[in-house]
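*Asks:* Chains as they are written, first to last, in my numbering: chain X, 3 to 113; chain E, 3 to 113; chain U, 3 to 113.
Rather than coming from a laboratory, the hints here were simulated on the basis of the structure.
Be a bit skeptical, because a hint or two may be false.
Identical copies go unnamed one by one, so any copy, or any two together, can satisfy a pair.
Dumping the calculated SDA-like pairs for lysine to any residue here, alpha-carbon to alpha-carbon at most 25 angstroms [claimed, not checked]:
no.: 1; residue 1: Lys-23; residue 2: Ala-10
no.: 2; residue 1: Lys-23; residue 2: Ala-101
no.: 3; residue 1: Lys-23; residue 2: Arg-51
no.: 4; residue 1: Lys-23; residue 2: Phe-65
no.: 5; residue 1: Lys-23; residue 2: Gly-54
no.: 6; residue 1: Lys-23; residue 2: Arg-98
no.: 7; residue 1: Lys-23; residue 2: Ala-75
no.: 8; residue 1: Lys-23; residue 2: Trp-52
no.: 9; residue 1: Lys-23; residue 2: Thr-58
Listed here are the chains, written in short residue letters.
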Amino acid sequence: MTASTTPAALLVLTTTDAADKADALARGAVEARLAACAQISGPVTSVYRWEGAVETAAEWQVFLKTTDERYEALESWLREAHDYETPEIIATPVTRGSAAYLAWVAAETTA
Amino acid sequence: MTASTTPAALLVLTTTDAADKADALARGAVEARLAACAQISGPVTSVYRWEGAVETAAEWQVFLKTTDERYEALESWLREAHDYETPEIIATPVTRGSAAYLAWVAAETTA
Amino acid sequence: MTASTTPAALLVLTTTDAADKADALARGAVEARLAACAQISGPVTSVYRWEGAVETAAEWQVFLKTTDERYEALESWLREAHDYETPEIIATPVTRGSAAYLAWVAAETTA
């Protein structure tokens with residue numbers, strides 16, 4: 003594989019407040035071929051401001067791997083599937099990576 | 003919201019050696035509006051070289067969400083609040099994300 | 003230190019299916035000066051498609067810190083040391099960070 007054929011990928015991060023909800027988000031995104039795979043990490047402690055006070059809550063992080071091309075469809079799906087009003091959905095670029103792994107991500111997210 | 007108004011955000015990562023120190027860093031940064039929110043994950047196993055030997059230690063990771071604009075103030079605050087001589091403070095760019103969530107990050111970090 | 007001397011760094015992520023394998027990957031990369039340090043987080047729940055069905059498995063995430071310059075050598079080493087046929091090896095750029103910490107990453111990965 004030449005560098006020019008390596009697909010651009012993204013590491014997408016969302017969080018939710020229960021293990022089974024994190025599992026449903028990860029499983030649903032992979033099932034729909036919107037992400038090649040996902041890891042669920044948790045419980046983690048979330049710290050945020052709510053009505054003027056700093057609060058903490060248990061959450062689960064979901065790390066999803068997808069391509070640039072599929073990002074918008076994944077984000078739309080996550081917003082719909084998530085039960086938060088304004089869920090965290092952020093993506094950082096994958097600028098280096100195993101060519102074989104990136105090719106697998108692209109293949110797994112091709113409908 | 004148009005794409006041009008979406009604020010540029012950063013995912014900032016630091017680590018420390020106790021859960022209560024991680025909590026204080028996360029809470030303090032959110033309290034000071036230097037980060038919109040944070041997640042604490044741990045204990046994780048840190049592996050590093052110390053005086054020639056590879057050592058392991060329990061640490062806690064803190065993932066903070068802020069804007070480009072607030073990064074320098076957040077880094078200065080973390081360096082001051084942290085009790086390591088050279089703490090890990092690194093940031094990766096958020097190049098895609100939910101516009102509503104990114105707007106919330108910007109609003110929460112506006113003094 | 004001026005901004006121009008701050009080395010470009012990467013946050014590299016791999017996953018494996020046992021804590022001792024994650025430890026060996028982290029320790030071996032630091033031992034070989036291919037990464038300055040690593041954090042192992044797990045067990046996490048991995049979700050992926052296998053032979054048409056969505057499966058879950060326990061995995062451990064390894065977060066490695068290195069420089070752009072050492073990335074290719076680190077990736078080669080990880081591919082060799084890993085027992086998966088197509089391991090996840092992805093890297094996101096560190097675009098901001100503590101100058102002292104980034105200098106330490108560069109020093110620790112200099113042979």
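*Asks:* So, for every hint listed, does it hold in this structure?
*Replies:* Verification of the supplied hints:
For a Cα distance limit of 25 angstroms, the shortest separation of Lys-23 from Ala-10 qualifies neither inside one copy, at 28 angstroms, nor across copies, at 28 angstroms. Taking the closest pair of Cα atoms, Lys-23 and Ala-101 come within 25 angstroms of each other only across two copies (22 angstroms); inside a single copy the shortest separation is 32 angstroms, beyond that limit. For the homomeric pair Lys-23 and Arg-51, the shortest alpha-carbon distances inside one copy (22 angstroms) and between copies (19 angstroms) are both at most 25 angstroms. Within a single copy, Lys-23 and Phe-65 get their C-alpha atoms as close as 14 angstroms, and across copies as close as 21 angstroms, so both meet the 25 angstroms cut-off.
Taking identical chains as interchangeable, the C-alpha atoms of Lys-23 and Gly-54 lie at most 25 angstroms apart only when they sit on different chains, with a minimum of 22 angstroms there against 27 angstroms within one chain. Proximity of Lys-23 to Arg-98 under the C-alpha cut-off of 25 angstroms is restricted to the inter-copy arrangement: shortest distance 23 angstroms between copies versus 31 angstroms within a copy. Taking CA atoms no more than 25 angstroms apart as the test, Lys-23 paired with Ala-75 passes inside one copy only; the shortest distance there is 19 angstroms, against 35 angstroms between copies. In the homo-oligomer, the alpha carbons of Lys-23 and Trp-52 lie at most 25 angstroms apart both inside one protomer (22 angstroms) and across protomers (22 angstroms), since each shortest distance falls under that limit.
Within a single copy, Lys-23 and Thr-58 get their C-alpha atoms as close as 19 angstroms, and across copies as close as 15 angstroms, so both meet the 25 angstroms cut-off.
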